[in-house]
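Quick one: dock chain against chain with the hints and give me the complex.
Each protein sequence line maps, in turn, to chains A and V. In terms of this note's numbering, the first sequence has 190 at position 190, counting the first letter as 1, and numbering is strictly consecutive. In terms of this note's numbering, the second sequence has 18 at position 18, counting the first letter as 1, and numbering is strictly consecutive.
Treat the hints with care, as some may be off.
What the hints assert, rightly or not - Straight-line alpha carbon distances no greater than 20 Å define the calculated DMTMM-like cross-link-like pairs of lysine to aspartate or glutamate that follow:
(1) V:K28 to A:E77
(2) A:K217 to V:E65
(3) V:K100 to A:E77
(4) A:K245 to A:D147
(5) V:K100 to A:D147
(6) V:K70 to A:E119
(7) V:K94 to A:E119
(8) V:K29 to A:E119
(9) A:K217 to V:E46
Said to hold, decoys possible - Pair ranges (Cβ atoms, derived):
(10) A:F242 to V:N124: 54 to 62 Å
(11) V:R123 to A:P260: 19 to 27 Å
(12) A:R223 to V:V45: 18 to 26 Å
(13) A:P253 to V:Y99: 57 to 65 Å
(14) A:R298 to V:N66: 15 to 23 Å
(15) V:N66 to A:F221: 24 to 32 Å
(16) A:Q98 to V:V45: 35 to 43 Å
(17) V:P31 to A:T220: 36 to 44 Å
To be verified - With the C-beta cut set under 8 Å, the calculated list includes, among others, these residues of chain V facing chain A:
(18) R49
(19) N53
(20) V98
(21) A106
(22) Q111
Think of the hints as simulated: they come from the structure by calculation, not from any bench. Backbone N, C-alpha and C define an ideal beta-carbon position, used for all residues, glycine too.
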Amino acid sequence: MRVITRFIQRFPLWSACLVLLPGFLFQFAPIALAQQEPPYFVTYSSVLEEPGNLEIENQNIAAAPKDANAFFAPTVEFEYGATAWWTTEFYLQGQATQNDSAVFTGFRFENRFRPLPREYWINPVLYVEYENVNGADKSFLEITGNDTIAGVQTPNAIARKEVVRTMEEKLILSSNVKGWDISENFIGEKAVNKSNPWEFGYALAAARPLALVGGSKACTFCRQNIAVGAEMFGGLGTRYTFGLKQTQHYAGPTIALNTPSGWTLKFSPEFGLNDNAAGVLWRFGASYEIQQFRDWFRRKK
Amino acid sequence: MKARFLVFSALMVSSLLCFATANGSWLKKVPEADRARVNPYAGNVEAARAGANLFHNNCAKCHGENAEGKGSRPSLKSERIKNATDGEIAWLLKNGEVYKGMPTWAGLPEQERWQIITYLRSRNP
Numbered sequence: 001m002r003v004i005t006r007f008i009q010r011f012p013l014w015s016a017c018l019v020l021l022p023g024f025l026f027q028f029a030p031i032a033l034a035q036q037e038p039p040y041f042v043t044y045s046s047v048l049e050e051p052g053n054l055e056i057e058n059q060n061i062a063a064a065p066k067d068a069n070a071f072f073a074p075t076v077e078f079e080y081g082a083t084a085w086w087t088t089e090f091y092l093q094g095q096a097t098q099n100d101s102a103v104f105t106g107f108r109f110e111n112r113f114r115p116l117p118r119e120y121w122i123n124p125v126l127y128v129e130y131e132n133v134n135g136a137d138k139s140f141l142e143i144t145g146n147d148t149i150a151g152v153q154t155p156n157a158i159a160r161k162e163v164v165r166t167m168e169e170k171l172i173l174s175s176n177v178k179g180w181d182i183s184e185n186f187i188g189e190k191a192v193n194k195s196n197p198w199e200f201g202y203a204l205a206a207a208r209p210l211a212l213v214g215g216s217k218a219c220t221f222c223r224q225n226i227a228v229g230a231e232m233f234g235g236l237g238t239r240y241t242f243g244l245k246q247t248q249h250y251a252g253p254t255i256a257l258n259t260p261s262g263w264t265l266k267f268s269p270e271f272g273l274n275d276n277a278a279g280v281l282w283r284f285g286a287s288y289e290i291q292q293f294r295d296w297f298r299r300k301k
Numbered sequence: 001m002k003a004r005f006l007v008f009s010a011l012m013v014s015s016l017l018c019f020a021t022a023n024g025s026w027l028k029k030v031p032e033a034d035r036a037r038v039n040p041y042a043g044n045v046e047a048a049r050a051g052a053n054l055f056h057n058n059c060a061k062c063h064g065e066n067a068e069g070k071g072s073r074p075s076l077k078s079e080r081i082k083n084a085t086d087g088e089i090a091w092l093l094k095n096g097e098v099y100k101g102m103p104t105w106a107g108l109p110e111q112e113r114w115q116i117i118t119y120l121r122s123r124n125p
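Chain V with its partners taken away, still in its complex shape (with noise of 0.2 Å):
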């Protein structure tokens, strides 16, 4: 009994993370510098389509084949994610939301990471 009551916590505690990370708090904390940074594939076709790829390996599962959102996890079509900057959107993959559910991407090479926001901003320009 106690074992499912502290099982439960954790999936209640571990939503409420996950809802967390939609409220674009994170705009808040990334540097000017970051901010300002250019995706060197910018509009760049093969680069969408590389990052369609990897989009689908790495990111789908949580935020939708579509990028629509999935449950808790936030859609990437939001106006906040268009209105975000290319850097801004790197910064996030670089150090993910940790304590709301988004881990850091930092483990995929940094092109990798450029392409997966050429596909975003495809899908959603």
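Next comes chain A alone, as it looks inside the complex (with noise of 0.2 Å):
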């Protein structure tokens, strides 16, 4: 909670947009959302965002590692569907530390393109991320290379000097089988600004929801718009200590309710799996999609 309070007092502005955006929305774009997405923080599945929506998303972790102070990192998400097959996307990230401080640590830029034209078994996503972030980020977004839960133990004074440009790249392999969402993705990712070497990861996830027949009457906590499923992430090394040593992973379960008024709510308890890990972070997120958001700026015939 201090940890929260502290964020708010170095982020007025930022907290308070954070706070009214979501009541912004909801009263000038009461429009219900498309509930196909699958209640993931860091897989990615092959679903991308329906061409002219905007998706507006706010979400959070939350960890108390053992020998580190508490952290708090939110993000903020626009991600605008801008053709049925390429989606992109823009991240704002910062985060607040117990007995520390609270810093904005950079932004990121990503596009996913689905090259094929077709519904498949297994079908690709080609993802290409720009980051620009510096070392005090939090956010767990993804995990590469030998990263391990000690570098949360840095000073934010001293962490954010460290600023990492890198283009990520991931390829995203997902299946639809009899209502399950089940998705791959692997991770490279190369700093340009420095002379790090390649560093790889992974995401695995499966969901369904609760039931796969829609109900005659509209309703809030149906079965259908609750989904549930299970994440797990890690790290693969670098190009020149691939594999599993000394490495993070993480492992929980997911879920989402997507709501009639078009709000997605999701929360993810995620275990830490070895020592190099957090015990648990946990996760929530909010996300409003205004539909069609494009016709806003359209000539109304």
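Here's what the structure looks like:
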């Protein structure tokens, strides 16, 4: 709680925006959302944003690792469906650490492309991202290389001085089998402003709605609006140290509620699987999808 | 200026692609086995009601609340849709026409896609 308070004190304007944004959107865009996105925090599936839609998401992570200060790291995402085969996304990130400070940690710009025109047993999506984040980043949006939880012990004042600009590529493979979404991500990352070697990581997940058949009445807590699943992710070392040695890994259940009013709420406790990982990462997020956002800028006929 | 030109070009290409969806070329791509598939909910009133909710949540913003079409996005009350088999529409919902503006809806459970088709048939017998 103190971490959140510190974040609010350090970034009053950003905090106010985070609080007001959902209310603003709810007032001006009371539109139902598309309900096909799986409840993952780290893993990507082959589901892209529908063309013209804008999804605004606030996802947060809180953790109290052993031998390090507790932290809270919010990320705001703006995801736009440019076409049915191309989704583009922009992230802003920050974090607050107990007994330390709250800092803005950087931004990311990503693009996802669907190269094949139809639905297959396994559907590939290509992911390209440019990151400009500093060493104080604690968003855990992916884990690559030999990063371990010991990295969060570095004080923000020192960690934020190290700015890493990286290009990150992912091969996203995803299948839909009898209502289940099964997704695998293979991650490769290379710093462009440093001579660091290629770093690798992975993410795996599976999820399905509690009911596969829609109900005849519109309701919020119907089973078809609730998706449950599990996620696992971690690092795979670098080009020179490829493997599981000195890497951190997490796994945990995940749940999402897609409300007919347009909101999606997600929650997941992710448990560290080895000594290099934090005991548990608590993730929670809320997103709102504005359908056909681009129509706001089109002249009405 | 260059950025504006790029955005304008992207919008033009996107609009053209959306328009191209309406030409019905997807019908030729549907495999025979898919064409012949039967809607398990055909004529089911409850399924049509559920389909109406799903249509409202997922399809109406592009195709209109009454499936009448919107801008360059096609009407689902057209003769083409009327004459298409349930299997052909199911194939389109599953695969989309991603290069022509229609996304894939394979992420929706198959049963829900059939419910949407049942709803469309109830509006456009």
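The hints, checked one at a time:
Between K28 of chain V and E77 of chain A the CA atoms are separated by roughly 39 Å; this puts the pair beyond 20 Å, and the hint is violated. Straight-line distance between C-alpha atoms of K217 of chain A and E65 of chain V comes to about 17 Å, which keeps the hinted pair within the 20 Å bound. With a C-alpha separation of about 26 Å, the suggested pair K100 of chain V and E77 of chain A falls outside the 20 Å cut-off, and the hint is violated. Proximity of K245 of chain A to D147 of chain A is assessed by CA-CA distance (about 11 Å); at most 20 Å being required, the pair is judged to hold.
For the proposed pair K100 of chain V and D147 of chain A, the alpha carbon gap of about 42 Å is over 20 Å, so the pair is violated. The straight-line distance between the Cα atoms of K70 of chain V and E119 of chain A is roughly 26 Å, outside the 20 Å bound, and the hint therefore fails. Distance hint between K94 of chain V and E119 of chain A is fulfilled; the C-alpha atoms sit about 7 Å from each other, no more than 20 Å. Simply put, K29 of chain V and E119 of chain A have alpha-carbon atoms about 13 Å apart, close enough for the 20 Å limit, and the pair holds.
Pair hint K217 of chain A plus E46 of chain V holds up; C-alpha atoms about 9 Å apart against a cutoff of 20 Å. Here the CB-CB span from F242 of chain A to N124 of chain V is close to 56 Å, well matched to the stated 54 to 62 Å. Against the hinted window of 19 to 27 Å, the Cβ-Cβ separation of R123 of chain V and P260 of chain A comes to about 20 Å, which satisfies the hint. Against the hinted window of 18 to 26 Å, the Cβ-Cβ separation of R223 of chain A and V45 of chain V comes to about 21 Å, which satisfies the hint.
For the pair P253 of chain A and Y99 of chain V, the supplied restraint of 57 to 65 Å is violated, since their beta-carbon distance comes to about 37 Å. Checking the proposed 15 to 23 Å range against R298 of chain A and N66 of chain V shows it holds: the Cβ atoms sit about 20 Å from each other. Against the hinted window of 24 to 32 Å, the Cβ-Cβ separation of N66 of chain V and F221 of chain A comes to about 28 Å, which satisfies the hint. Checked against the given bound of 35 to 43 Å, the beta carbons of Q98 of chain A and V45 of chain V, roughly 57 Å apart, lie outside it.
Taken as a hint, the range 36 to 44 Å holds for the pair P31 of chain V and T220 of chain A, whose Cβ atoms sit roughly 39 Å apart. The interface hint given for R49 of chain V holds, since its Cβ lies 4 Å from the closest Cβ of chain A, which is under the 8 Å cut-off. For N53 of chain V, the shortest C-beta to C-beta distance to chain A is roughly 5 Å, which falls under 8 Å, so the interface hint holds. Restraint check, V98 of chain V versus chain A: the minimum CB separation of about 4 Å is within 8 Å; hint holds.
With a cut of 8 Å, the hint placing A106 of chain V at the interface with chain A holds, because the nearest CB-to-CB distance is about 5 Å. For Q111 of chain V, the interface hint holds, the least distance from its beta-carbon to any beta-carbon of chain A being 5 Å, beneath 8 Å.
When the structure is compared with the earlier hints, violations turn up for hints 1, 3, 5, 6, 13 and 16 and for no others.
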